[in-house]
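K.L.:
Model the full structure from these sequences, guided by the hints.
Each chain, letter by letter, is given below.
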Amino acid sequence: MMEKKIAIDSLNMNYGSFRAIEDVTLDILSRHITALIGPSGCGKSTLIRCLNRMNDLIDGVRVEGRVLLDGDNIYEPTYDAITLRRRVGMVFQRPNPFPKSIYENVAYGPKLTGMRGKDELDYIVEESLKKAALWDEVKTNLRESGLNLSGGQQQRLCIARVIAVQPEVILFDEPCSAIDPVATQLIEDLMAELKKNYTIVIVTHNMQQAARISDYTAFMLVERQGEPGRMIEYGDTNAMFTNPKDERTERYITGRFG
Amino acid sequence: MNVRKTFHQNLEDLYLELLKMAGATVEDVEKTRKAFDELDAETAQEIIEFDDVLDDFTIRIEENGIELLATQAPVAIDLRNIIVIMRITQHLERVGDLCVNISKAIKSISGKRILPYVKEDLSEMFSRSERMLLRAIEAFKKRDISMAEGLTTMDDAVDRINRKFLTGYDRESEEEIELAIRVVMISRFIERIADHAVDIGEQVQYLVTGKFAD
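Protein chains in written order, with this note's numbering: chain A, 1 to 258; chain B, 1001 to 1214.
Keep in mind the hints are simulated off the structure, nothing from the lab. Just so it is clear, the structure is predicted and the values come from calculations on it, not from any experiment. Nothing false has been slipped in among the hints.
Across the chosen pairs, the derived CB separations fall in these ranges:
id	chain 1	residue 1	chain 2	residue 2	range
1	A	80	B	1009	51 to 57 angstroms
2	B	1067	A	59	47 to 53 angstroms
3	A	226	B	1004	22 to 28 angstroms
4	A	70	B	1066	45 to 51 angstroms
5	A	92	B	1009	34 to 40 angstroms
6	A	246	B	1009	21 to 27 angstroms
BS3-like, lysine-lysine: derived pairs with alpha carbons at most 25 angstroms apart:
id	chain 1	residue 1	chain 2	residue 2
7	B	1031	B	1020
8	A	131	A	4
9	B	1141	A	245
10	A	245	B	1142
11	B	1119	B	1031
12	B	1142	B	1020
13	B	1211	B	1141
14	B	1031	B	1112
15	A	245	B	1211
16	A	245	B	1005
17	A	130	A	111
18	A	245	A	4
The beta-carbon is built from N, C-alpha and C at its ideal position, and this holds for glycine as well.
P.N.:
In structure tokens, the structure reads:
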């Protein structure tokens, strides 16, 4: 049974008087990977940031429509943004470990939520690093700074940091655009593993990455300059990349864009 | 703006190469028909030798197609186009092989007399198959599904004539029997040329709709 984890319903998002995305309706299925693709400025990063209310932090942002997480609208005034961001974790374009040890990077979130016991923290650090496919590389130097790791390792450390607070959804915003191809493949493999337990949404400007790793793909586009980004096509990734329904999708993914 | 100009140029080159091969294959079939009309062993030999040209086309098209698949990660219509070009080249190559088979048969019955009505029937099959092949290639060029679909009906006529040879041919002497076998084989080879035209039509359907024909 395909379970809906997030339902985006008629979503508009405005920066002041500028409408960035308009009328996006999309279901994100539980324990699958959904990729958002589209040219620069199409609103895909804006959309993914709507899913854990990251845009709240920007002045003048106004959201219309609903985003339901397990049926509850996260834009209800009473909805707690802190809880939301623990349930919906995020990994960013550039790896951004804290200037702390590898161990502390991962233990940070659990400590914030009140976890204190050393055994408990040790366990969760090890488990999170294992799930992020980093444990074997760092288990002997957990006290070293996270900033001494390679870019790809730092990105996996950030994934471990997200996993440590036991989220249900992980958002990836261009997670591989700042790391090398081999590290990218590691992260792609890791995502395939993670989707067994987590719902994953990824924004990527690498179309082949979307094709390789995602189960569903959504294509967004700004049709004319100044217009908001809209969802053009959403569907099964294989179908999208062999036989897209919409001509605009076809033009974009085959490089005959514009 | 096209952001994949080089790739799309390479794809266009692959397409044009296939059209060249298609043109050469149609000529090959036409020449085979003429060789049959005259039971001309010399022309038949030329057809046998020409097969290398078609084989080279196939190798070139397949190699370039594989290279584009491996290096360009094509998707959507580009992907289907490469797949279909690579499949059509194989069908054309098989048509070339059938022309070789027919030519070998022509050589072995050269100088013998085939009954006029038999010859007429075979000529009829030949020209129908030729027309089907042309139509299949045209459907591919125009990406025209209804044109491709018409091939199945055209194929029925070829099949009907082919079946006649299995039952309705007089066999009197031993020599006649050998001749009859050759004629039945030629009929069967021509019938298969028509089948390849139908198969090419099915590829056009896949190219346009992304769905495989039944």
